[in-house]
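*Asks:* Listed below are the residues making up each chain.
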Amino acid sequence: MTTNKLINLVNISKSYGETLVLDELNLYIRENEFLTLLGPSGCGKTTTLRIIGGFETPNTGQVIFEGKDITKIPPNERQLNTVFQKYALFNQMTISENIAFGLKIRKKSKIYIQDKIKYALKLVNLDGFEDRMPDSLSGGQQQRIAIARAIVNEPKVLLLDEPLGALDLKLRQDMQYELIRLKNELGITFVYVTHDQEEALTMSDTIVVMNQGYIQQIGTPEDIYNEPENAFVADFIGDSNIIASTMVEDKVVNILGTNFPCVDTGFGKNKPVDVVIRPEDIDLVKPEEGTISGRVTSLIFKGVHYEMDVMANGHEWLVHSTDLFPVGSEVGIHVDPFDIQIMNKPESEDEQAAEINE
Amino acid sequence: MIVKNKLAHLSERISENGLQLPRLTKIKWLSFPYLLWMIGFIIVPLIMVLFYGFTNKEGNLTLENILLIASPINLKALVLSLKLSFISTLICLLLAYPLAMVLCSTKLKSNNFILLVIILPMWMNFLLRTIAWQNILEKTGILNNILSFFNLPSLNIINTPSAIVLGMVYNFLPFMVLPIYNVLSKIDKDIVNAARDLGANGWQAFLKIIFPLTLPGVISGITMVFVPSLTTFVISTILGGSKVVLIGNVIEQQFLKTVNWNAGSGLSLVLMIFILFSMAVLSKYDKGSEGSNLW
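Quick mapping for you: the protein sequence lines, in order, are chains G and E.
Numbering that gives the first Met the number 0 applies: residue 0 is where the first sequence begins, and numbers increase by one.
Numbering that gives the first Met the number 0 applies: residue 0 is where the second sequence begins, and numbers increase by one.
In isolation and in its complexed conformation, chain E is listed as follows (with noise of 0.2 Å):
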């Protein structure tokens, strides 16, 4: 029946017009440059790291690539990347939260002040921020001399694992804390009143109504810092010297030193594969389409 009305409808439309492709939209002319960007900045380089990454020099195919990642000393540089990203995600999720929950409880004026100064790091140039610490951490650095004023023993953090991830814990905390921060303002205060007046003390309130209302707040956190951490060479090069190797100074040193590009590649697409398996993972917890932004 409907299907008779939709025959009978367009072959009117064919009888009248003559038969004509549908008009493209505004809409559709206005998203080409997007596409455009999409595939010459995003698919084309993702099919060549695809086609380096399964290739050798010669340009046969070959999973040699792929299997790096098992050699000793890669497999030790993944490993050392995925606890180092660990541990400052969770740090900086311990640091973030009770940051938005004080954020949240203060009056209006003095709150945006402290946003702001939250963001302030993040105006400045990343690798600045990072060449302050090194400063900061070295020998002969600012807390050692702070350290020695007071007569007490200096401290060796440089080029060791803490401070990478004192590194990766200082530029990345802003990104946990403003999602959070965003969510947790948005919660309704009689929600938590309802809680508290339905029996729940401070702490079951916050476990069974607060913290579930931003799990989408902290996914999107911690993904926003997993992340960068995972594949950061910036600030292992920095606070690490050569002695802390990390999944992202292999590849660069592929790519840059060795100049492997499909050793490189292959490396690079096994690291996608961990970050989109992470991803899909915290996905699972974001089980309500709001996904919160850091704008």
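Chain G extracted, bound-state conformation (with noise of 0.2 Å):
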């Protein structure tokens, strides 16, 4: 089951004068996905976006859409339509007016028109609000208007760039699921932009997560989560352990002293790596049934869980449970062979780049 590369960037990069923000960078978008651009501020996502937009010209490489080379096409003749950050809706204009626009632009008839808005407006659940003025609307909806004025033009692409980040928790919890929907609904493919990692677990078929202008990892959001392939992105993504280590021979690492089994093999032996492991797998036992035994240091409640740092053999370790143990008891700590996901220390600059950044 392949389906096709809607949009292949080949060998993007861009400076800003003397500061390099992408470095050769490569990707394709598959019809019909949903796309997350994820990184923190600074890594280049922003940058692509635009850059696929036709909002900025790369310096090198070429942006292909179907198969044909638009790096050279302004904005307006691409079959992709925006949603900005901070909506950018014209304030002079009612709400009406503004999803007509790209509408009236390519100069369809009155009632084609009227029947769009009406469509449009039902969608993100605004109907009603054709005479409204955008800034009489609160955060949400003038986001929805946004969306509505986006999506009314039928392009092939829509994309996001940070369209949730001005709004309060719950509402973006709700416009996660709205976004979803509409993804669905539309049929039409998804390029998101984020700094925000639950956003795109949440909401990816696909995340791409980016840092100092270089991807690190791309794949499904479980992929992501549960096999990240560096340090950057293991820390980026949840909380986790990341503790350097010792890999003894397959499916045998020795963290801190201690063997581990394990599940990864192909490492070598007696080689440094990485290892990372989730505070929800660390399970918190007697201490004389754990592989290494420490003592709780800190308790915290966080409604969800409860989170302790334990310290065992010289490392603090960050632990998620639904179970309290009081600060000061000894613990046994035990993971999973499974839940121990093994990484390369990095090696080039390019990989230095998926260092932690302290």
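Since the hints were derived computationally from the structure, they do not count as laboratory data.
There's no promise every hint is true.
[Stated by the list, open to error] Label-pair ranges, simulated between beta-carbon atoms:
{"id": "1", "chain 1": "G", "residue 1": "K103", "chain 2": "E", "residue 2": "L74", "range": "45 to 55 Å"}
{"id": "2", "chain 1": "E", "residue 1": "K27", "chain 2": "G", "residue 2": "T93", "range": "40 to 50 Å"}
{"id": "3", "chain 1": "G", "residue 1": "S135", "chain 2": "E", "residue 2": "E63", "range": "48 to 58 Å"}
What you are looking at is a predicted structure, and each value in this text was computed from that prediction instead of being measured.
Note that the Cβ used here is the ideal one computed from N, Cα and C, for glycine as well.
Join the two chains, each given in its own frame, into one complex according to the hints.
*Replies:* Written out as structure tokens, the structure reads:
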């Protein structure tokens, strides 16, 4: 089951003055997928999005859309539409004039436009808002109008630049479900930019993790979360324990002086590696039942779970558990071999970007 | 119900303190100097002009001063003034808008420098600037010297309406550039990007989005060029000699040469009507209260 490569970015490099923001980036986006560019501020995700949209031109490389090179084509001639971070609604026009803007440019008939406005407003659950002015709407409503204004032009691809950043948590979560619903109803490709890993994990089919202009990992949300390929991805997504260790041999790793059974192979013998263990994968048991033992040094109630720090073998382990272990208690640490993720240490400049920024 | 409550409240206060007037707050004390200024230097002179305008030398009420505007010479002067100030305003707009757009798209460092260069002439005396142009444009002036050096025919610009338009544009151009630049620079770049994204080419984005957003600045600029141009007499005296007579000159003559304050006031009042009228028309376009200032 191979779906087309709708968009192909080939060797894209972009500098702003002296700063190199993207370095020979290669990425393809498939039809109908929800792809998220995820990374911290300054990693190049917004620049990548803007290059796809045509608001920036790359210094080198090409943007291929449906097999055609569109690198030199201006944004108004590309079959994409963008939802901007600060909505960019036209404040001097009414809501229906905003939504109709693209359609009027393309000289659609009045009846067609009216129907489309009704349809778009219904789609974003804002019927009846035709004659309102943008600044009389709340942030969430403005955001939905921005989405309506973009999708009404039936683009093949919708680009979204951190659209939910200015909304409060509850609204953001509601909008996330809205966006998934929209994508399924409209059947168009979504390219989404965010620094919020929870958003990325919730909505995406594919996540592209970026840092300092390089792609760190591409995969499904589960791949990214459960099998991060390097320390940066492991640290950026969710909480994690990342410990420098030694791969003794296949399926055995030595963490802080103790051998742990694991499931990874092919790293060689006595190779220095980074080990990632998610805090929720650590079981706290009786000291004699654990692979190593330690003492609880901190306990915080987080609602969903308890967050505890356990000092064992000279390292402070982060543990998430629904069980409560009071501060000072002796505990044993047990980790299922399957939950120990082994990663190579960074070697090249490319991979140095994969190191965790402290 | 509400009235009943208010009455009850009021009677309570009176019974407590006796019937007292509310004390003036600090702000009201602070506004007194400005109130005095307004009365002394704006309202009183206005009343005086009104008085002189509607009376004759003997002090009788008359409309003859107002009707003076209809005499051929004065009408010609008014029409010429309107024509020249309209042309100057238009030229300023056509020069200033692209300049403001260029300023908006250049990098920050050279931006401030160019703005400084534009404002610099304003730091010098208005009269000096205008006399400088007289030097440049006159028969044996700098312009003609350069032209004759290249064996080109000399231009006779001085003492023509063109010279006056030149003087108006030179003096008032910064007043058009700055308000437009101010508003233009505040437009969120993503708004323009959104317009492009939705299919508008550069020209459509300008007409439908950028220009309407800059309208308050444009209105501000037009007002600041048109009104002084309409009422000037300095520019027409220096660059027009006695050959080009504007309404400003007519009024000046009435006050200083003929010493007919009644006639001068009457003509001034008519001019004021014109200005109020054009400002009313312009303010219709400035729907948003965001009329931008020069500073």
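*Asks:* Could you run down the list of hints and mark each one as holding or not?
*Replies:* Hints, verified against the model:
1. G:K103 with E:L74: 45 to 55 Å: 47 Å, holds
2. E:K27 with G:T93: 40 to 50 Å: 42 Å, holds
3. G:S135 with E:E63: 48 to 58 Å: 55 Å, holds
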